[in-house]
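Chains as they are written, first to last, in our numbering: chain A, 1 to 307; chain B, 1 to 318; chain C, 1 to 239.
These are computed hints drawn from the structure, not numbers from a lab.
Among the hints, a few may not be true.
List time: in silico DSSO-like cross-link candidates among lysine-lysine, alpha-carbon distance up to 27 angstroms [as the list claims (entries may be wrong)]:
id, chain 1, residue 1, chain 2, residue 2
1, C, 63, C, 109
2, C, 109, C, 65
3, C, 65, B, 172
4, A, 197, A, 102
5, C, 63, B, 172
6, C, 94, B, 301
Please read all numbers here as calculations on a predicted model, not as lab measurements.
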Amino acid sequence: MANKRNATIVVALITAAVVAIMVWRPTVLIYGVQAAGLYASIAIPMGLILGIVHIVNLAHGEFMMVAAYATYMVCTTFGIDPFVAMIPVAAVTAAFGFVIYKLTIRQALKAPELNQLILTFGLGISLTQIANLVFTSQTRKISFDYVSASVDVGELSFGVYNFVFVLIAILMVVGLRLFLTKTTTGKAALAVGQNPKGAAIVGIDVDRTYGLVFALATAMIGMMGAVFITRSSIFPAVGSPFTMKSFCLVAMAGIGNIPGILGASLLLGISENFLKAFRELRGWSDIVFFVLIITVILGRSIKGKKA
Amino acid sequence: MKFKSSYLAVAILAAIVIAFPAFLGAYPLNVARSIMTYMALAISWDMLLRSGQISFGIAGLFGLGSYASALAVLRGGMDPFVSIIFAALLAGLVAFALGFAILRLRGMYFSITTLALMEIFRIIMQNLHDFSGGPEGVVIPAVIFNGSSTALYWLCLAGLFITIGVSWYFEKSKMHLALTAIRNDETSARSSGVDIFRYLLFAFVITSMLQGMMGAIQIQSYGFTTPDTAFDANFTLLPLAMALLGGIHSTMGPMAGAVLLGIASEWLKLKIPYGHLVVYGIIIIIVILFMPQGLVGLARKLMRGSDTKGRKAGATHE
Amino acid sequence: MSKLVTTGLTKAFSGLVAVNNVSFAMEEGEILGIIGPNGAGKTTFIHLVSGILMPTSGRIEFKGKDITYAPAHVRSRLGIARTYQLIHPLENLKVIENVMIGSVFSRDKSLKEARRSAEAICAELGLERLGRDTTQLSILEIKKMEIARALANEPEVLFLDEVMAGLNSDETRQIIATVQRIARERHMAVGVVEHVMGVIRELTQRVIVLEAGELIAEGPYETVSKNPRVIEAYLGGAA
């Protein structure tokens, strides 16, 4: 069967590429996987919202930025570790997200998709500027010893802390799968995502489900914001590249396909690090996501024409 | 040809605006140029919006025009005035290539890809050190027209007039029917013979050319630019807020919004040096939620009485 | 030559076969009824012929020319027009503009020409005050506007998808008379999808019956309505 043959060829090519990279410069693979974990953890909440509430939140990265700043304040004021602060921060971010949903996004849901784009765009800008007002554009950072943990394997030495993102991403995928398929609320959410009108007819409170899913996704972003500040410095505009890359990954995986985001992230993370391995090409790594998303869109529109 | 009194009013207004340099000093003319630039960007953004497509890439195409013009002069020895035309054409070409790839999927795919434009172009300009001057930017040998504030004002005004003219043409010609039909119901549009892809591509290319043109005028007027200033997110943010506030899907609305917010922006910049842009973000949110037709739409509703039903900003009946 | 011919036309939506191997022809000057129970695939069939959907297999010919995969706007130019069951007037255009849309793009008319012909068509249909917003129209007027837009296309093949729905008997009679007259005058082939059998009986010369996507009967209404398989499909028969 042509499909099976194509799949085997693709798998073989990918394995060959992976082996080649391992031999040539293993750090590309290692850092690529770590970056993939980071991107995936941030993209998965967007995938959740897009798959169930069917809106793109252009303020996605800004929610993470807000959580990061909140964590920064909590940690510098009370001296606790972000991983501890993560729980209250996630809760606060979730509440924040829920309120935003009730006040703004819910109204726009009655209007077509495009109004929501402008709305969340305005939201993102407002959040960035408020952060600018309160914190100015100066970057903030907290240092932790465990971040610089590294491991030596043969001649190779690399940081291992960032694998925590891989762990988080996998936990998110597994957790969401369990939630969506095993719990009543989760199954209701899935139903709403597939057919909101049908779900309403069978008695599911669609609005409540949307609010819940939005809050859940925002909690996940909030959690990511807290972890993010452990290894990166933050500034008001830190979120926006993540919004775009998250969308790129969600688009690549296909709406509703959350595990697919992992694969897409690997592609993005490894490609970016591949470029970073060449000193002259380092600055170009941030273009990779754009190339990927154009390719995906082109591919889909060509396929769409044939259908 | 009916002689409408409104045409007379427009002509008089235009004459006054053209005559500004006669009685305004350099600083007010500067402010006026800034407002006119944003106004042109707001109008051109609205032109594409009329088809239902939201572009967040104004800053990207504007900056592209700036760099195209600057580099054409610096590396190609082009005449500054000609470089403006060149920049517009280049922006159109880039839009054509990009639109060809992403306009079939449209909707959020189109919008978010345009959002990435300013980042992408900025990174490209930053990386091509030798060609584009890298992060330090480019300086052109001379400001166009020797920096005469009157000439610069008229140059900017010319750009604005061209934009208004094209927008007005879009409203009076078949484009109006095509774009509105596409926005309201693509299926009906297609059944009526509208080649949706072609019309969207055309609108995208034309509006990008206008945005590139204004970017070129900008850089020729100021003499230098850097990746950060050319691709400043403000060039997307302000025109959006202006068009929304004034009233989208019209030429008048973005003009009114630009005048209002343009003047307010000068005042705001003094009062709140850091983060005054938050006002624009909030304006966008409030307009979308509570008055999607903007001020012009509101005025129209008041004049017509209580005939119109509900919100009209692209809302479709279910 | 028949105006429109479909051969083995099939549309499958990953598992659900909505239109199954439908072959038929429409001749110039005839009014054809397309009937069948709900979900039989009538609207999907029209979508396939008008180009809103692409078939999974099969062939569509218009005056001998293969249009199976031609995009909708191209078919509109060729002269295939249709109305929609779920009416969606273009709410940001005036009534007259809604009608003009039918001819501006497919017939390359100037705005002035299109306006003139739109006004003429609306006069024929009895649609007045064309400068109104579409929100101010009654159901009958909206239907007339839809038909007017389709007619502005000056089509050779026209499909009317349940235009009588929601109209009272007077209004229905109005539309029937108009459709008959226009079809005769313009030598169109008209396909009419209806649930009200009285309309089908009065309006059409020939009827095709779809059930679960398949063409199960064809012929004059009198014959088809007595066909046991058709009666069974409707579970109790027609009006």
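Open item on the list: Run the distance test for residue 65 of chain C versus residue 172 of chain B: straight-line Cα separation, threshold 27 angstroms.
Closed with: The given pair, whose Cα atoms are some 36 angstroms apart, is violated under the 27 angstroms limit.
- [ ] Below or equal to 27 angstroms on CA atoms is what counts here, so check residue 63 of chain C against residue 109 of chain C.
- [x] 23 angstroms, holds
Task: Distance restraint between residue 63 of chain C and residue 172 of chain B, which requires alpha-carbon spacing of 27 angstroms or less - done: The hint is violated at about 36 angstroms.
- [ ] Starting from residue 109 of chain C, check that the Cα of residue 65 of chain C is at most 27 angstroms away, please.
- [x] 24 angstroms, holds
- [ ] With a cut-off of 27 angstroms on the C-alpha distance, tell me whether residue 197 of chain A and residue 102 of chain A pass.
- [x] Since the Cα atoms of residue 197 of chain A and residue 102 of chain A sit roughly 20 angstroms apart, the hinted pair holds (cutoff 27 angstroms).
- [ ] Assess, step by step, whether the Cα of residue 94 of chain C is no farther than 27 angstroms from the Cα of residue 301 of chain B, and give holds or violated.
- [x] 16 angstroms, holds
Hint compliance for this structure: hints 3 and 5 are broken, all remaining hints hold.
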